[in-house]
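Visitor: On the provided structure of chain R, position chain C as indicated by the hints.
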Amino acid sequence: MRIFDPHIHMTSRTTDDYEAMYAAGVRALVEPAFWLGQPRTSIGSFCDYFDGLLGWERFRAAQFGIRHHCTIALNPKEANDPRCVEVLDILPRYLAKDGVVAVGEVGFDSMTAEEEKAFTQQLDLAGEHDLPVLVHTPHRDKAAGTRRTLELVRSSGLSPERVLVDHLNELTVEAVAESGCWMGFSIYPDTKMDEHRMVAILSEYGLDRMIVNSAADWGRSDPLKTAKTARAMLDSGFTDDDVDRVLWRNPVAFYEQSGRLLLDDIDAEPAATFEGNSVLRGQRPTGQE
Amino acid sequence: MSALVDHFTPHLDADARSRLDELVHELADDPSRISVLFPAVARRVARGPSDADDADGIRHPRLEDEARVALLATLADAWRDRPEQFDRELAELYRYGDADEKRAVLRALSAIDPDQGRASLPLVDDALRTNDVRLVAAALGTYGARHLSAEAWRQGVLKCLFVGVPLAAVANLDERADAVLARMVADYCRERTAAGRSVPTDASRVLERVPWSPDDRPEQERSRS
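Residue numbers (this note's numbering), protein chains in the order written: chain R, 1 to 289; chain C, 1001 to 1225.
Calculated directly from the structure, the hints in this document are not laboratory data.
Remember, predicted model here, so these are calculated numbers, not experimental data.
Each residue gets a CB set at the ideal place from its N, CA and C atoms; glycine is no exception.
Among the hints, a few may not be true.
[What the hints assert, rightly or not] From chain R, some residues computed to sit far from chain C (all C-beta separations above 12 Å):
{"id": "1", "residue": "25"}
{"id": "2", "residue": "35"}
{"id": "3", "residue": "54"}
{"id": "4", "residue": "60"}
{"id": "5", "residue": "96"}
{"id": "6", "residue": "98"}
{"id": "7", "residue": "129"}
{"id": "8", "residue": "144"}
{"id": "9", "residue": "174"}
{"id": "10", "residue": "175"}
{"id": "11", "residue": "236"}
{"id": "12", "residue": "252"}
{"id": "13", "residue": "257"}
[Stated by the list, open to error] Here are some, though not all, of the chain R residues that point toward chain C, as calculated from beta-carbon distances under 10 Å:
{"id": "14", "residue": "92"}
{"id": "15", "residue": "94"}
{"id": "16", "residue": "188"}
The following block holds chain R by itself, in its conformation from the complex:
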């Protein structure tokens, strides 16, 4: 089984997770830029974070045989802080880079005017940089947030197949299905969706434009929820090909629209170093010892 996790925050995860993910079949992933739990207070924090997503984290993933890509954006929570909004001026430099496969996560948190302004601006940036968009739907007032999201996407001029609307559930899936956007589901241990409800949605709505992710981060979450959903699909009668479609071909098809996915096989080299620092602490490989 091969798995592409289209939404996971590896910066918050351990090397044990990388090993377990590889063993479960994860060979590629996308790490969306989001907030860090602790609010940022300056643009510099964003830039260092973006540099980490494009640099150290990509290198770390490669050492475990996993291809790492990222999405870059000002997230909706921090779009409300005037100290953070200026990062929008820096985004074009990052959106031009290899390994950036979408603008995201953008969208709504508390449905404020500031969030809507940043969201709209970043939909425009996606058009300018020819990138797809990953949209976060809010935890609170989700149905209204999803409806407003779809209105903004429609008026942005972006075609719906360039947009993935994430964190959906039974109450929001239908509107997104009708819109033509891709449908993302985050499978969590005890909130949002679980793998059995996910299988029920797949049975009802079919596999077209359906995307499943673990969205694992620094909160209570499980980086193997993609593999567990695959198992639940097989247990309820879906075929191996169905699983491959939902957990590999669909997310690849969505992010491939960026033209920047790198999915050739990785030969994990545990002795490699990034900017001179290895994940093998203190045992610096020089090739001369």
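Guide: Chain C alone, transformed into the frame defined by chain R:
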């Protein structure tokens, strides 16, 4: 313009050149586009080593380095009446660059204009603070050789031995190597030997060419004592 591009891209094939030409024209129309064209070069023009024995581009520019240097040469030409603006943009490209982009900026400093000033020296200093062999090597090109202080340049060369950058990557090594550097290299070799570790073979490139003694100290140390 084509002659300028050709000069900096000896290893690009005709297809890659024509893709680079598109970027050069885009840049000529609007020089501020450098901020988004420069990062996209590997994807849009070419990617890979120019020498199969030098995959990381330590001794020789990689294909994307050549194309990026050509773009910066184009920018320098477009802004030839505004050198401060060019220096400022170089600093921004370096700050927001990933390691590949930073390396290309450092290579451009050495490649474009041997007479340019010291305004970009902070970029070289930054690169020498990393342990990234790709950046350390590029920092010790002709620009670094020309502008780094004796102390900073010697520390850079010593770091090369330390992190495994071949001294063949250091520009003007024979001209700048002095007795103080040789003494530092000798001390480093003694330390390695005392710890039962191997001595980098490149150390002899300095030790065998420069007369030195254990008393050779940097200038500021001598003035303190």
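Visitor: Indicate, hint by hint, whether the structure satisfies it.
Guide: Okay, the hints, checked on the actual structure:
no., hint, result
1, 25, "holds, 28 Å"
2, 35, "holds, 21 Å"
3, 54, "violated, 5 Å"
4, 60, "holds, 14 Å"
5, 96, "violated, 4 Å"
6, 98, "violated, 5 Å"
7, 129, "violated, 8 Å"
8, 144, "holds, 35 Å"
9, 174, "holds, 38 Å"
10, 175, "holds, 34 Å"
11, 236, "holds, 41 Å"
12, 252, "holds, 18 Å"
13, 257, "holds, 14 Å"
14, 92, "holds, 6 Å"
15, 94, "holds, 7 Å"
16, 188, "violated, 32 Å"
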